[in-house]
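Q: Below are the chains, spelled out letter by letter.
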Amino acid sequence: MATETETRTAGTSGEATSTPAVVVNGRPVPLDPRVVAAHTTTLDWLRSQRLTGAKEGCAEGECGACAVLLARADGRGGTCWTAVNACLIPAAALDGQEVITAEGLGTPERLHEVQREMAARGGSQCGYCTPGFVCAMAAEYYRDDRGEQTTADAALDGTPAADHEVGPNGFDLHALSGNLCRCTGYRPIKDAAFALGRPAPEDPLAQRLRQPAPAPRPTRLAGDEGALVRPADLAEALRLLAAEPRAVLLAGATDWGVEVNIGHRRAPLVIAVDQLPELRELGEDRGALTIGAALSLSELERRLAGRVPLLDALMPLFASRLIRNGATLGGNLGTASPIGDAAPVLLALEADVVLTSTRGERTVPVSEYFTGFRQTQREPDELIRAVRVPVPPLPVARFSKVAKRRYDDISSVAVGIAAREREGRVERVRIGLGGVAATPVRARDTEAALEGGPWTPQAFAEAAEVMAGEGTPMSDHRASAGYRAAMLRQALLRFHHETQPEVAR
Amino acid sequence: MKTRPHSLHDRPEAGSVGEAVPHESAVLHATGTAVYTDDLVPRTSGVLHAWPVQAPHTHARVTRLDPTAATTVPGVVRVLTAADVPGVNDAGVKGDEPLFPAEVMYHGHAVCWVLAETLEAARLGAAAVEVEYDPLPALVTVAEAIAAGSFQGDQPVLGRGDVAAGLARSAHVVSGELEIGGQEHFALETHASLATVDEAGQVFVQSSTQHPSETQEIVGHVLGVPSHAVTVQCLRMGGAFGGKEMQPHGYAAVAALGAALTGRPVRLRLTRTQDMTMSGKRHPFHAEYQAGFDEQGRLQALRATLTSDGGWSLDLSQPVLARALCHVDNAYHVPEVEVLGRIARTHKTSQTAFRGFGGPQGMLVIEDALGRAASRLGIPADELRRRNLYRPGQRTPYGQPVRHAERLERIWDQLLASSDFTARQQQVAAHNRAHEHAKRGLAITPVKFGISFNFTAFNQAGALVHVYKDGSVLINHGGTEMGQGLHTKMRQVAATALGLPLPMVRLAPTRTDKVPNTSATAASSGADLNGGAIQHACYQVRERLAEVASRMLGIHPADVRFVDGEVTGIGFGDDRLPWAEVVRTAYSQRVSLWAAGFYRTEGIHWDSTAMQGEPFKYFAYGAAVSEVEVDGFTGAYRFLRTDILHDVGDSLSPLVDVGQVEGGFVQGLGWLTLEELRWDTSDGDGRGRLATRGASTYKLPSFSELPEELRVDFYQQGAETGVVYGSKAVGEPPLMLAFSVREALRQAVAAFGPPCHEVRLASPATPEAVWWAVAAARDAARRQPDGHRRPATDGVPRQLPVEA
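Chains as they are written, first to last, in this note's numbering: chain A, 1 to 505; chain B, 1 to 804.
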């Protein structure tokens, strides 16, 4: 902790003028530099303020016991209560923002509806995960497009895959997929979620939805152990990055937070880029979709729905809602993990990475972007500004992910496939693979085996054997090399099996 | 002591027990205001934080340990080493667990602890401690330990009859060898302690512990002070599951030692990584078995060797092994039995109690044998299991009559009917015919679980009941709250025994200075034991108040009744006195308004050498039907539906009990499917290192593992005489209902193979394990001489053709 440092509230750029503070449960709480260092998590900071409702269960964004609500812009001038993992986000990154914790939702005397349902239905046993569940549940409770859906329709046609996961009140259980409970087995929590009604008009948190979210403000919090800076604009961000090549770029903190907590990494400079408008662009021109690198995956899901089906398929399998509320495509490409789930999809989509620095901007195909284990073409002074995805994408596409757990697990193997069939032949196919090499890779041999050939079970079965030989899978605690290779083969067989109806049409 | 005025198990007509009330802390949980041990830290000033120096070796001698460099790190206050221990340098009760070890026994073993003003400073200080090691050869797997003859503790044999003769007369013998995976407790709250020392030298340790009395003893012996100088309090735990029965003691002792040496509060809370790498887990087991069946599928004999992986020290490995042996029969009568138990000593964390306590591992053996035998014998698995259920009059292999054995068949038949089992078998068969790449399985399995600590002396409990002059009641008991709802039930018991509305009874946190010499809250026994003690204390007070009230009402004391906050007689016209008025009158007449209660479980005995006796007060029964679907492309699966019928006796608190049944089931499902502990077994530098050391690498069940339909019902008319208000223990038994999921997976995998394909399934049955089983089934189908599946009939015949 930065016990003997002071916060320089007026940074060199001069924009940061007010004392860093976060509005917590409606009350401004200063980010006291005696408690808050650049790496101090929101969770540790909240707990130091005796707001001990949020708990540390894993410190890596997997359990959700630390979940709190953030007032985030909804893209339409209003606010969206967004649940995030407080264990990952540096407290300093929330300067000027609004946070609600379980204590702020309600009190024992005046329970919030979410709290009342959880308490009355046996939704808590040991109670340790409960404040986090309550916050994640409240976010979904306040989601303004939570529709009135019924589960009955889809269940009748024999494909109950996801139907039991949306309640009659439109509550999407995936909102809770980032919360672990070791006691209840989840049934009463599900019942509580599905019993929720609508927020009352006089509910202050519901009223808050119609007001704009707090605007991001430039911040600089510096101490002996490093600084966290939220630059005023992209130009400042690039200048900072050029001057400090060891700087870490921060968007949702879903990777950096883990590095800080589990790997105990500390950086001389952390640059928060998640609110820079240049990194939050979303638009289409010249045959490509430009996706801002700092848009959260949840925002992408909402705003892109239906535009690129392969991205739609990726999202539910890409971590939990709590993580997707922070995680970005830029971050997933920036950390360059060989098991990141976005890369196989972006490879199949033949996407490009747009890199920016004080020296200018350049575009690199994702297929050439990765150069080695967690190494890329990005220079230390560059940041990922956007990802460009050609549209319309190849029409026949699937994403498959093999992991121990169905949701919110790290993939053993991830495969993105996009193809076009013409007159019974495979006209074009692109296949991206994750988890089978030091980097995400294209399955070029398999693509070559398929392209130009007939779209038949036989051809796919033969290509599947080629696919099984792609990459250099290893054995680890997630899966054996043999299973990974088998899953490559199976992914192609499944692709053919599943797409047969739409291709035949 | 006077005799009890009323029986232990009879319920009054009105009373709080049996009401479906929410957890007594539910509102505090939901609002984030419930306080756990580590939440005390920001409410305490001047706290020091502790961080361990974890050895990067799996087995090594510490040749030099120099903390000098650490003490120069800003904020570091002190480094605790073996030299600082004034008492006994041991974290356990068996003398085999040095708290500050000279020999590293597992990867990540803490060799010393650093205290600092902040956690960050303590961590940096720990990194600065200079330690040199002399690495030694390490045993990492059970197979290595068996090969090296590395065992610890006794090697008990559970025997009955002549197993060789039984196997010889068997028409079919199924042999198997199984690795049974362990399980990380993953209580959401990691180990945590906060220790202070007052001006008189009294040590106060707030600890997340299931066993405050033993934590107190260990802290006392480490500090070299008697137990009366140490008080341990447990506010509540954020989950425990057995992981906090023995394991918290050492951490509490480190915090207490630090507090004693610095005079400042010391907080020790493990990070998740530390918790997973340092604390013990469910024992992995290795099992070899031979199970003999007659032509009708009746079990004739079981010979088995169960070798548990105890890790580096004994901890609770011996009683865990005993319970494994005592549950190798599960719910089935086996005439001839010979089961050898051994505890491997390996260089791993010291494995410990975990919900079920060896029972699940023992049961898995016979369920595996039955699951495989069903295919071999061509008898549907549900029918094979039913034929072997215990019948009234039969005894377990350790000689105990199976009390209420008739409930097994009743539960079985009721559940088959309520789950629509037969019709669904046909639906599953139809589904499997229609789907090449997705097969379903449906299975029913039973549970019989013995209730009481195997070790007889632990079956005692104490309680303290205070009635204040205003009529309000405060209760204390020796049990700890870990989420299981014990405190909720105990309030209901006290309210019922005193004839009061529930809000009149408040419960104070568990402390060793309130109730001494308590047993661990474990073995599912918390409500049975502590409920008995609370009821006993309440009855004493009530008996005294009855005498006071009888004078006020002008009736005989035996006719006084306490109902819903009023005191009256049995006559229709008797006056009704407010409870508080009777209490005030009693006080003014100098009648004692508080009592200490005590309970000991009657009628149990156990010879741990002969492995014979009647160690269990009774058995908890249940059965589950599960339906799953396996994806033929990947081996991944979905849990479609589970129906449970469980015997909780006459439930004390139905909402709590449903929670225990469901939560236990899902936890068992996790153990049997996706929860996989992996250690580095290579010869590389990381040998012996736990590879699954966080939530990102060790996957607990999440929402996606909750069966799409989960229906839980209680067995009716199951009041258990001999237990408080006719209830039954519920903590552990439901975990083993999850065998229905494992067996359903086996059925689904079999559907990828030829008829009556015998499936060998690893445990845990991860998607990868299921995939390899599917691959084997498909290979078998391809080897079928006729090249295609035999046509299945619409109905499922009770007797399938036997495979050659």
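I should point out that these hints are in silico values taken from the structure, not numbers from a laboratory.
Don't be surprised by glycine CBs; every beta carbon is placed ideally from N, CA and C.
Check before you lean on any hint, since a few could be wrong.
[Unchecked claim] Chain B stretches covered by chain A per the calculated footprint, using a threshold of three residues with CB under 8 Å from any CB of chain A:
#, stretch
1, 57 to 70
2, 104 to 116
3, 482 to 496
4, 631 to 638
5, 706 to 717
[As the list claims (entries may be wrong)] Examples of chain B residues toward chain A, derived with CB under 7 Å:
#, residue
6, Pro42
7, Val131
8, Pro654
Q: Are there three or more residues in the stretch 482 to 496 of chain B whose C-beta lies within less than 8 Å of some C-beta in chain A?
A: holds (count 4)
Q: If you look at each residue in the stretch 631 to 638 of chain B, do at least three have a Cβ nearer than 8 Å to any Cβ of chain A?
A: Held - the stretch 631 to 638 of chain B has 4 residues with a Cβ nearer than 8 Å to chain A, which meets the minimum of three.
Q: Count the residues of the stretch 57 to 70 of chain B with a beta-carbon closer than 8 Å to any beta-carbon of chain A: does the count reach three?
A: violated (count 0)
Q: When I compare C-beta atoms, does the stretch 104 to 116 of chain B have three or more residues closer than 8 Å to chain A?
A: As far as the stretch 104 to 116 of chain B goes, the hint is violated, because 0 residues have Cβ atoms under 8 Å from chain A.
Q: Does the closest beta carbon of chain A sit nearer than 7 Å to the beta carbon of Val131 of chain B?
A: It is violated, given that the least Cβ distance between Val131 of chain B and chain A is near 18 Å, above 7 Å.
Q: Using a Cβ cutoff of 8 Å, are there at least 3 residues of the stretch 706 to 717 of chain B near chain A, or does the coverage claim fail?
A: Coverage by chain A holds for the stretch 706 to 717 of chain B (4 residues, Cβ < 8 Å).
Q: Tell me if the interface restraint on Pro42 of chain B is satisfied: Cβ within less than 7 Å of some Cβ in chain A.
A: Holds - the Cβ of Pro42 of chain B comes within 7 Å of chain A, reaching about 5 Å at its closest.
Q: So, as I understand it, the hint says Pro654 of chain B touches chain A; can you test that by seeing if any CB pair is closer than 7 Å?
A: violated, 10 Å
Checked against the numbered hints above, the structure breaks hints 1, 2, 7, 8 and satisfies the rest.
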